[in-house]
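Build the full structure now, drawing on both the sequences and the hints.
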Amino acid sequence: MTIPADLKYTKTHEWLKLEADGSVSIGITFHAQEALGDIVFLELPDAGRTVKAGEECAVVESVKAASDIYAPIAGDVVAKNEDAIAAPESVNQDCYAAWLFRIKPANPADLATLLDAAAYEKVAAES
Amino acid sequence: MTQRTPLYDAHVAAGAKIVDFAGWEMPINYGSQIEEHHAVRRDAGMFDVSHMLAIDLAGCDAQAYLRRLVANDVAKLTVPGKALYSCLLNPDGGVIDDLIIYFFTPTQYRIVVNAGTAAKDLAWMQAQAANFNVSLTPRRDLAMIAVQGPQARERFWTAFPVARAATVMLGVFQAAEWEVDGVSWLIARTGYTGEDGFEIAVPAAQAAGIWERLAAAGIKPCGLGARDTLRLEAGMNLYGQDMDETQNPLESGLAWTLDFKDASRDFIGKSALARRQVEGKLRQLLGLVLLDKGVLRSHQKVITEHGDGETTSGSFSPTLNQSIAFARLPAGVQPGDAVQVAIRDKLLKAKVVKPPFARNGKSLIQ
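Those protein sequence lines, which keep their order, are chains A and B. So that you can map any letter, position 123 of the first sequence is 123 in our numbering, and since no number is skipped, the others follow by simple counting. Basically our numbering = 1-based index in the second sequence + 127.
No lab work stands behind these hints: they were computed from the structure. Do not take every clue at face value.
Stated by the list, open to error - No farther apart than 30 Å at their CA atoms in a straight line, the calculated lysine-lysine pairs in the DSS-like style are these:
#, chain 1, residue 1, chain 2, residue 2
1, A, Lys122, A, Lys52
2, A, Lys52, B, Lys473
3, A, Lys80, B, Lys473
4, B, Lys473, A, Lys11
5, B, Lys420, A, Lys17
6, B, Lys420, B, Lys473
Structure representation (structure tokens):
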């Protein structure tokens, strides 16, 4: 299962998961990590930063290339995943467990505007 | 219009991720580039390098022609099979390509050139041949496989035991022809990884069968991704990235490939290089090791006490487990100097070193 049904997605290959505390975890999809190859470095936003939807806020670097990660929704960053920073290869190994950062959404309803698994599957198949 | 090597189907069957490289559909990796890199440093890996072009040179003027054509001096090649690395220069001293020349006799050589420059090289070589009695024959009928790593030769001999006798005595940068069933293979102890091994040139029709036997002997298929990090660690330039027609060998870490010993020899680009040497203030291609977290890439600004420079190649080094790069830096910068590299909105600390970074399985950086 490379596209979990219970997550939301973006056209730029990020996934989003609504956590119990109302924050949203953001990571990159299986398709994205596979395209990047071996991931060796993560630059993630600090807690407290306010991001707009579509704003560049993180960088995932593989041996091959650097890839920008965009904030899929507006909000305040509440955490970054220090475990993933210490072991960037965990994003290749289990991209849906290795979240990158968490946002407290400015408007929780924004999540509903993103792609569901079926819609993202089409995007991934075409890219 | 991309081209495929005779091993394309073997790559796809092995699960390779295919990319366009200089107009060729080549494997970038077969899963993990880092695992492939380590296989070559620690054991044995193999690369399809059939996209590169072998050109056979023959004729009674072959030696005189090459002594004019390239910046290194083929007159130093006297043992049959001996190979020489050289730059092919334009009259301004810019690098048209870097290549390897194999000597068989003073009237017979083989030249192996890069894929992306092959058509340009051949046209240039033909044009320079006008006043020499030589013929140039491109050999697209050949496939080439590089088998590299500390166990590469042993595993190659496991796959082809009868080739051992013909190749066991080969010194570094030395090749031998080996006849099997009436067809000849050229087996050379050369490579682009900083490890021991062979590069073999064989008839295209045999390539897939050979590849399969080498894989069965435990040699891991490796893609162009690992080839790039291996050559970078080994301190070897990549044409088009670390040097091109706008850069000369003196400022590309390739002064060692220029041979000025015979004052009577006038190779193409010689006078331009001599002028550049007199002007002085030569920039230098040196290595960088990133001390902060991050990954160096090509075309990043390097800030030094002697002025700004620029990275030409950069990546994550699997052997050093940190990021490394080549950078063209101003005169006066020395190995050991602390510099800064501009990566996105940050200035990161790096140390200047003299490449190579790693060879023969080991880091060479303290």
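So, going through the hints one by one against the coordinates:
The hinted pair formed by Lys122 (chain A) and Lys52 (chain A) meets the criterion: a straight-line CA distance of about 26 Å does not exceed 30 Å. Between Lys52 (chain A) and Lys473 (chain B) the alpha-carbon distance is near 21 Å, which keeps this suggested pair within the 30 Å criterion. About 19 Å separates the Cα atoms of Lys80 (chain A) and Lys473 (chain B), which keeps this hinted pair within 30 Å; it holds. Proposed proximity of Lys473 (chain B) and Lys11 (chain A) is supported: the alpha carbons are some 28 Å apart, at most 30 Å.
For a cut-off of 30 Å, the pair hint linking Lys420 (chain B) to Lys17 (chain A) stands: about 28 Å separates their Cα positions. The suggested pairing of Lys420 (chain B) with Lys473 (chain B) holds, with an alpha-carbon distance near 11 Å, which does not exceed 30 Å.
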